[in-house]
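Participant: In case you want the letters, here they are:
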Amino acid sequence: MDDVLTEQFVRNAWSVAAWDFEVEPGKVHARRILGEDVALYRDAQGKVVAMVDRCCHRLAPLSRGQVEAGNLRCMYHGLLFDPSGRCIEVPQMAKPPRALTVRTFPVVERDRYIWIWMGDAERADTALVPDAHWQVDPAWRSIPGYVHYEAANYLLIMDNLLDFSHLGFVHATTLGGGRSADIKPKIERFDWGVRVTRWYLNDDLPPFLAKVARFRGPVDRWQVYEWHAANNLLSMDSGSAPARTGAPEGHIVPEACVFHSVQSLTPESATSTHYFWTFAHNFELDNAAITRELADQIEIGFGEDKAMIQAQQQVILDHPHAKMTGIPADAALHHVRQLIGKLLV
Amino acid sequence: MDDVLTEQFVRNAWSVAAWDFEVEPGKVHARRILGEDVALYRDAQGKVVAMVDRCCHRLAPLSRGQVEAGNLRCMYHGLLFDPSGRCIEVPQMAKPPRALTVRTFPVVERDRYIWIWMGDAERADTALVPDAHWQVDPAWRSIPGYVHYEAANYLLIMDNLLDFSHLGFVHATTLGGGRSADIKPKIERFDWGVRVTRWYLNDDLPPFLAKVARFRGPVDRWQVYEWHAANNLLSMDSGSAPARTGAPEGHIVPEACVFHSVQSLTPESATSTHYFWTFAHNFELDNAAITRELADQIEIGFGEDKAMIQAQQQVILDHPHAKMTGIPADAALHHVRQLIGKLLV
Amino acid sequence: MDDVLTEQFVRNAWSVAAWDFEVEPGKVHARRILGEDVALYRDAQGKVVAMVDRCCHRLAPLSRGQVEAGNLRCMYHGLLFDPSGRCIEVPQMAKPPRALTVRTFPVVERDRYIWIWMGDAERADTALVPDAHWQVDPAWRSIPGYVHYEAANYLLIMDNLLDFSHLGFVHATTLGGGRSADIKPKIERFDWGVRVTRWYLNDDLPPFLAKVARFRGPVDRWQVYEWHAANNLLSMDSGSAPARTGAPEGHIVPEACVFHSVQSLTPESATSTHYFWTFAHNFELDNAAITRELADQIEIGFGEDKAMIQAQQQVILDHPHAKMTGIPADAALHHVRQLIGKLLV
Numbered sequence: 003m004d005d006v007l008t009e010q011f012v013r014n015a016w017s018v019a020a021w022d023f024e025v026e027p028g029k030v031h032a033r034r035i036l037g038e039d040v041a042l043y044r045d046a047q048g049k050v051v052a053m054v055d056r057c058c059h060r061l062a063p064l065s066r067g068q069v070e071a072g073n074l075r076c077m078y079h080g081l082l083f084d085p086s087g088r089c090i091e092v093p094q095m096a097k098p099p100r101a102l103t104v105r106t107f108p109v110v111e112r113d114r115y116i117w118i119w120m121g122d123a124e125r126a127d128t129a130l131v132p133d134a135h136w137q138v139d140p141a142w143r144s145i146p147g148y149v150h151y152e153a154a155n156y157l158l159i160m161d162n163l164l165d166f167s168h169l170g171f172v173h174a175t176t177l178g179g180g181r182s183a184d185i186k187p188k189i190e191r192f193d194w195g196v197r198v199t200r201w202y203l204n205d206d207l208p209p210f211l212a213k214v215a216r217f218r219g220p221v222d223r224w225q226v227y228e229w230h231a232a233n234n235l236l237s238m239d240s241g242s243a244p245a246r247t248g249a250p251e252g253h254i255v256p257e258a259c260v261f262h263s264v265q266s267l268t269p270e271s272a273t274s275t276h277y278f279w280t281f282a283h284n285f286e287l288d289n290a291a292i293t294r295e296l297a298d299q300i301e302i303g304f305g306e307d308k309a310m311i312q313a314q315q316q317v318i319l320d321h322p323h324a325k326m327t328g329i330p331a332d333a334a335l336h337h338v339r340q341l342i343g344k345l346l347v
Numbered sequence: 003m004d005d006v007l008t009e010q011f012v013r014n015a016w017s018v019a020a021w022d023f024e025v026e027p028g029k030v031h032a033r034r035i036l037g038e039d040v041a042l043y044r045d046a047q048g049k050v051v052a053m054v055d056r057c058c059h060r061l062a063p064l065s066r067g068q069v070e071a072g073n074l075r076c077m078y079h080g081l082l083f084d085p086s087g088r089c090i091e092v093p094q095m096a097k098p099p100r101a102l103t104v105r106t107f108p109v110v111e112r113d114r115y116i117w118i119w120m121g122d123a124e125r126a127d128t129a130l131v132p133d134a135h136w137q138v139d140p141a142w143r144s145i146p147g148y149v150h151y152e153a154a155n156y157l158l159i160m161d162n163l164l165d166f167s168h169l170g171f172v173h174a175t176t177l178g179g180g181r182s183a184d185i186k187p188k189i190e191r192f193d194w195g196v197r198v199t200r201w202y203l204n205d206d207l208p209p210f211l212a213k214v215a216r217f218r219g220p221v222d223r224w225q226v227y228e229w230h231a232a233n234n235l236l237s238m239d240s241g242s243a244p245a246r247t248g249a250p251e252g253h254i255v256p257e258a259c260v261f262h263s264v265q266s267l268t269p270e271s272a273t274s275t276h277y278f279w280t281f282a283h284n285f286e287l288d289n290a291a292i293t294r295e296l297a298d299q300i301e302i303g304f305g306e307d308k309a310m311i312q313a314q315q316q317v318i319l320d321h322p323h324a325k326m327t328g329i330p331a332d333a334a335l336h337h338v339r340q341l342i343g344k345l346l347v
Numbered sequence: 003m004d005d006v007l008t009e010q011f012v013r014n015a016w017s018v019a020a021w022d023f024e025v026e027p028g029k030v031h032a033r034r035i036l037g038e039d040v041a042l043y044r045d046a047q048g049k050v051v052a053m054v055d056r057c058c059h060r061l062a063p064l065s066r067g068q069v070e071a072g073n074l075r076c077m078y079h080g081l082l083f084d085p086s087g088r089c090i091e092v093p094q095m096a097k098p099p100r101a102l103t104v105r106t107f108p109v110v111e112r113d114r115y116i117w118i119w120m121g122d123a124e125r126a127d128t129a130l131v132p133d134a135h136w137q138v139d140p141a142w143r144s145i146p147g148y149v150h151y152e153a154a155n156y157l158l159i160m161d162n163l164l165d166f167s168h169l170g171f172v173h174a175t176t177l178g179g180g181r182s183a184d185i186k187p188k189i190e191r192f193d194w195g196v197r198v199t200r201w202y203l204n205d206d207l208p209p210f211l212a213k214v215a216r217f218r219g220p221v222d223r224w225q226v227y228e229w230h231a232a233n234n235l236l237s238m239d240s241g242s243a244p245a246r247t248g249a250p251e252g253h254i255v256p257e258a259c260v261f262h263s264v265q266s267l268t269p270e271s272a273t274s275t276h277y278f279w280t281f282a283h284n285f286e287l288d289n290a291a292i293t294r295e296l297a298d299q300i301e302i303g304f305g306e307d308k309a310m311i312q313a314q315q316q317v318i319l320d321h322p323h324a325k326m327t328g329i330p331a332d333a334a335l336h337h338v339r340q341l342i343g344k345l346l347v
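Chains as they are written, first to last, in this note's numbering: chain A, 3 to 347; chain B, 3 to 347; chain C, 3 to 347.
Worth flagging that the hints you see were computed from the coordinates, not collected in a lab. Where a beta carbon is used, it is the ideal one built from N, C-alpha and C, also for glycine. Any given hint could be a false lead.
Unchecked claim - Cβ-to-Cβ under 10 angstroms is the rule here; a few derived chain B residues that face chain C:
no., residue
1, Arg34
2, Glu38
3, Asp55
4, Arg56
5, Gly72
6, Cys76
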């Protein structure tokens, strides 16, 4: 695995810092993002502030601090910082100097995600925030998901998502299905990422839909997803329809199961990753049991991935000189790794 | 934080190695002191011996050994060392050679402390042992205390002790009191350390004295302490008297609460520290509940310090290039860090 | 301790990889051997295959794979490897290229041991497999034993086995006996290792034989063992006979207790070791309680060794510049360390 890629991160891009509900009014949420410790809290207007999580005085963590009228007080020696990071109060000091300032990061709250820009603040263009509207659109239902990879670089998780041939092995009895490995996907390469299209005609219903699907018998099913390299974000349209009812031609019958999944990887460190996800359905919107069942099934599958990927990461750490060898199924991941290499320049 | 200061220790000085009761007759007490592993035991006369905790033969730890008539036997291959560190018995060998010697360290047992000199033995002057007589003086009562900082360099704890403005934040509801941060201390600089004088006139009784004080209403209270840089030792006179009864002028009324605290930091490693302390009172000497209550209250406060300081240490380890920025409250700690820098030369 | 010796391993030699029963048909047994991760499984004929435990594709561990008709399938992306390590199946690929090959290691299964040759395969001569026939010979009975040293280099365990003077201290109340340290062994040096002969005439029965021996009173007892440097293997004839019944002259009376022990060290990493052992008896062959009692007693003793040796290893790691000093009892271990130094060239 390319060391340069694993130890650096694309900073001039929007990353998911947190789910909206993780940053509660009056509290400070600490999270390491792209190797930097960040304290997240809401100001007096409820707007999220992201501040480097160490006081500029003696480096105590600000996440042990206290929110006071939208400002953040360090609870070691009492310095008080406003939402811009400027220190506005120091015990025994009339006027805090400019040097007492903590770095803040641009933040956008949208689609239940709190997006953060860890690079140059002046390049933080809100027009670049990726679309994740399925998470709030009333035409869809989903439950916010989170997986903490304590021991894997984000690229290994990305590799996994860019090659679904693993579904037939890692997820044989859950998300997968026996023919996953044989499907040759259509790969479309873009400068922003890649689009992967997989069609399984006349296939079995995948195991995770057993309790969800409203029909039985052979299915035509599909996965069409885009990977956005700068944001490490997957946006996937997928579904299963009764076989030969026209799904490949774009005719989706009402009893089909149609989904949209958003999955975002935010590097925590070189060997750990935050994984935010939803798996939304657009049918039986008022059936909370369906929403829960889907989230549970996906979570089981993601647990299978995590076990394999963290084992793979351990091998890579233990044998830093071991070489990987390419196969055709690596096409998409090779393209995206090249894009990331360029974004790091 | 200055790396040179954190990774080196002042060796030519007396450090507290242990409480007297920790070294029991016939047993070996192992402790890492200034990065060195030391085996402590009592010889035939009860005098404490401090020996490097590794046999000179195959480096087995002597603290797994056995005390035999004041000598220490390694229980791996049976070498026997006398209190000078000289090997006096080797199986299958008539006369052990001089090369079989383990380094020992000068030790003084006084005021319930076992003091050790980790530097050049010929410079170990017992006249330099700091005064801690309050720990044995019948005019005072205290309970020996010990806190193990598993994850903090001693300098961070020293910084904490040299700037009591943190009392209003870290200890707001325990040792502190709201006005602690606003008190401007008097700082007297010496070549051996610093004296800090803090007076809080017409203040509230600090929370930790709620059950101890024999009066109610506003108080005049004080903290006057010396920090001895070479020994990392704090010696503090403190107390609370009913307001306007003359305490600032030196007239202490009988119902006042007067204390003397001795606190000693002994570096264990670059990131861990032994913290020995007492908080003696000179009133109600036969009221053991008072002695216990004071020790309990101080221990709660020291737990608050430890949580903050170890969090601060973690930030410093994770972000080694982060810079601290000075404020007026740092005056005493800056002076002592300079002294330590000179002692390390 | 010589760093070169501890961080390198003799690779062109047979090492014990596992007990035969550890590699079950249809399952994969993962073990780190000489710093390399190895996946062990049985092919269609039951023959053990040893393969590097990482898929050549994306480095996933093959020990998470699945045995299919004697081949091993990686359960990440489905590559299938035959017992020679050649990949014979890749999803979406007609003919896997030669580059998709995983390294395998020569293996011999004999005397209940699975031997592995971690060096150059062409030098793997089965005639060099050490003799351990006591483990299968119907004239002897033993129970396979295993100790995992999580935190000790194999050389420290070897040192322990090459100097039995420690029996009187580490094992005073178990395997030892008070006079162990005073016995001067006869040391015979060979280019393959060393033979150590120890006789204890008119001695007490060692404590671990209390329930096993069929006689009481003073004993003549012996330990005669060979250490094979390339294989880290001890092969020991030992026993206790009633004193003055001719044992030293080779006349072993029927009530004597005679044993043969095989003990093999396989480095796992520079600081961890696999320890395989048996302690066979050739009397009361059908008394399973005797076999069990002996294994239990030896295991207690080996626990005492492990506690001391891992403590010694910690001292060495913490104080890398500390020097050892030789005594006469080190004679055998010095010879074998020299041999190992030559084998590493």
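Participant: Please go over all the hints and tell whether each is borne out by the structure.
Facilitator: Evaluation of the provided hints:
no.	hint	result
1	Arg34	9 angstroms, holds
2	Glu38	8 angstroms, holds
3	Asp55	8 angstroms, holds
4	Arg56	5 angstroms, holds
5	Gly72	19 angstroms, violated
6	Cys76	8 angstroms, holds
When the structure is compared with the earlier hints, a violation turns up for hint 5 alone.
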